[in-house]
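Colleague: Residue numbers (full-length UniProt numbering), protein chains in the order written: chain A, 1 to 221; chain B, 1 to 185.
Derived by calculation from the structure, the hints in this document are not laboratory data. For glycine and all other residues, C-beta sits at the position ideal for the given N, C-alpha and C. Hints are supplied without guarantee of correctness; some may be wrong.
[What the hints assert, rightly or not] Among chain B residues calculated to face chain A with C-beta under 7 Å, some are:
| id | residue |
| --- | --- |
| 1 | Leu77 |
| 2 | Ser78 |
| 3 | Gly83 |
| 4 | Ser152 |
| 5 | Val165 |
| 6 | Asn166 |
[As the list claims (entries may be wrong)] In the DMTMM-like style, the derived pairs of lysine to aspartate or glutamate whose C-alpha atoms are separated by at most 25 Å in a straight line are:
| id | chain 1 | residue 1 | chain 2 | residue 2 |
| --- | --- | --- | --- | --- |
| 7 | A | Lys98 | A | Asp81 |
| 8 | B | Lys101 | A | Glu131 |
| 9 | A | Lys164 | B | Glu167 |
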Amino acid sequence: MGALVTKALRPIKTFNVENRAHKVISKEKPTPAPLYPSTKEDLKRTLAAVPDIDEKLDKKDPGLDDRLKSVYVTSYGRPEDDITREKIQQNPNRPLPKNRSQVPEFEMGWNEPEEVPYGRTTLRKALEFIESHQMNPTEVTASKIALEYKLKGEDVEAILKYFKAYEIYIPETKKSAARFAGPTNYRRKQLQENKIKELAGKSEIVDKKQDIPVKDQAKNN
Amino acid sequence: MLLNSAKRITTNFKKTPILSLVRHKGAYEGDEKTTVRIINQELELGLMVDSYATYGFRLNNGVTVLGPMALFPRTVLSWQVRGSYEITEESLRLFKILEPKIDLLIVGLETNERKAIDTAFRAARANKLNVELLTTEHACSTFNFLNAEGRSVAGALIPPLSVTVNEDDMLQTQLHYRNLYQQDL
Numbered sequence: 001m002g003a004l005v006t007k008a009l010r011p012i013k014t015f016n017v018e019n020r021a022h023k024v025i026s027k028e029k030p031t032p033a034p035l036y037p038s039t040k041e042d043l044k045r046t047l048a049a050v051p052d053i054d055e056k057l058d059k060k061d062p063g064l065d066d067r068l069k070s071v072y073v074t075s076y077g078r079p080e081d082d083i084t085r086e087k088i089q090q091n092p093n094r095p096l097p098k099n100r101s102q103v104p105e106f107e108m109g110w111n112e113p114e115e116v117p118y119g120r121t122t123l124r125k126a127l128e129f130i131e132s133h134q135m136n137p138t139e140v141t142a143s144k145i146a147l148e149y150k151l152k153g154e155d156v157e158a159i160l161k162y163f164k165a166y167e168i169y170i171p172e173t174k175k176s177a178a179r180f181a182g183p184t185n186y187r188r189k190q191l192q193e194n195k196i197k198e199l200a201g202k203s204e205i206v207d208k209k210q211d212i213p214v215k216d217q218a219k220n221n
Numbered sequence: 001m002l003l004n005s006a007k008r009i010t011t012n013f014k015k016t017p018i019l020s021l022v023r024h025k026g027a028y029e030g031d032e033k034t035t036v037r038i039i040n041q042e043l044e045l046g047l048m049v050d051s052y053a054t055y056g057f058r059l060n061n062g063v064t065v066l067g068p069m070a071l072f073p074r075t076v077l078s079w080q081v082r083g084s085y086e087i088t089e090e091s092l093r094l095f096k097i098l099e100p101k102i103d104l105l106i107v108g109l110e111t112n113e114r115k116a117i118d119t120a121f122r123a124a125r126a127n128k129l130n131v132e133l134l135t136t137e138h139a140c141s142t143f144n145f146l147n148a149e150g151r152s153v154a155g156a157l158i159p160p161l162s163v164t165v166n167e168d169d170m171l172q173t174q175l176h177y178r179n180l181y182q183q184d185l
């Protein structure tokens, strides 16, 4: 509805709009917007009280300046540093931390507690008993482990059933055929070597071509 | 051969000051100065999963692990379950009795079937563990990120049943094996 009204009234609103606009723009000095009624009243009152207010505001007032010079800020009481020192002396049993060295890197990835509650264990100890159980399962039984490490028997049994240490397979030489498991060079070295290989590409392409028939043969067999 | 196998993996890491963990640099450092950090290549951050296959995982210290595994920030153990249907309360018991308590256990399932997720969730609930149940593909990256941040996380990952391979993966595998063992076929 509103849109329709606007549409209908627009030609009347915009009648001769260009000429009117040019008239406003071509004025040498733009007419200022009217003041708000309350602002007008305020101005009137000020002018009645101080007729030369404009001049006064432009000039520097030495009286006000002098007064500002006599203003200064001060603080009462003791400095914060003294209070902190006193508190440290009051409470020698709970000293504030002084050690600012870096936290060392932990072997297991986290800091291991010195005391462990009954029924729980650290990862290091868990590894220890899992490995020793795997070495000789007849001697190091679950009940013995439970007694030694202060754990519940059923917990130990469950752990020994479901968690095993790995057997590491290392290929004897680098040329021995790749199987699933096997330690490798560190990755950084690998990347460097890869780069060199890419540059010396030509001989490899030949290798590839030789590869293909061999593989095919293997499949046929 | 069994002895100390897990420990040996842990001692592989070089100890470096923690300063390298501080990330104070902005994302962009001006023309031709932007650098990329690949968290899997920074060995001091701990063990991470580099790749996964149907038979197991490859970790970022170069060790290939067969079968499901229980992965800790610096340690890896074999997890003796055959699939997500075998995840019971007992099979997650180790994570429960660990001290210090682990903040989050990330369980990587080989499927995203509702049934498998439910059984795993019930098992974790029974142990009062905070778990994140994901498919293994997502679980690997989640574990990597959380471990790089130095959180106390653990992962219980089952290899996926099938792997979708793209050309980049194939190239990486080729490069990996050729470079390592230099096979003359």
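Colleague: It remains to establish, for every hint, whether it holds in the given structure.
Modeller: Status of the hints after comparison with the structure:
Satisfaction of the interface hint for Leu77 (chain B) is found here, the shortest Cβ-Cβ separation to chain A being roughly 5 Å, below the 7 Å cut-off. Taking 7 Å as the C-beta cut-off, the interface hint given for Ser78 (chain B) holds, the closest approach to chain A being about 4 Å. For Gly83 (chain B), the suggested interface contact is broken, since its CB lies about 13 Å from the closest CB of chain A, more than 7 Å. Below 7 Å, beta-carbon pairs count as interface contacts, and Ser152 (chain B) has one with chain A at about 5 Å; its hint therefore holds.
Of the supplied interface hints, the one on Val165 (chain B) is violated, with its beta-carbon coming no nearer than about 17 Å to a beta-carbon of chain A, more than 7 Å. With a cut of 7 Å, the hint placing Asn166 (chain B) at the interface with chain A is violated, because the nearest CB-to-CB distance is about 19 Å. Restraint check for Lys98 (chain A) and Asp81 (chain A): the C-alpha separation of about 16 Å stays at or below 25 Å, so the hint holds. Note on Lys101 (chain B) and Glu131 (chain A): the hinted pairing holds, with a Cα-Cα distance of about 22 Å set against a maximum of 25 Å.
Proposed proximity of Lys164 (chain A) and Glu167 (chain B) is contradicted: the alpha carbons are some 35 Å apart, above 25 Å.
Figure legend: structure checked against the earlier numbered hints; hints not met, in rising order: 3, 5, 6 and 9.
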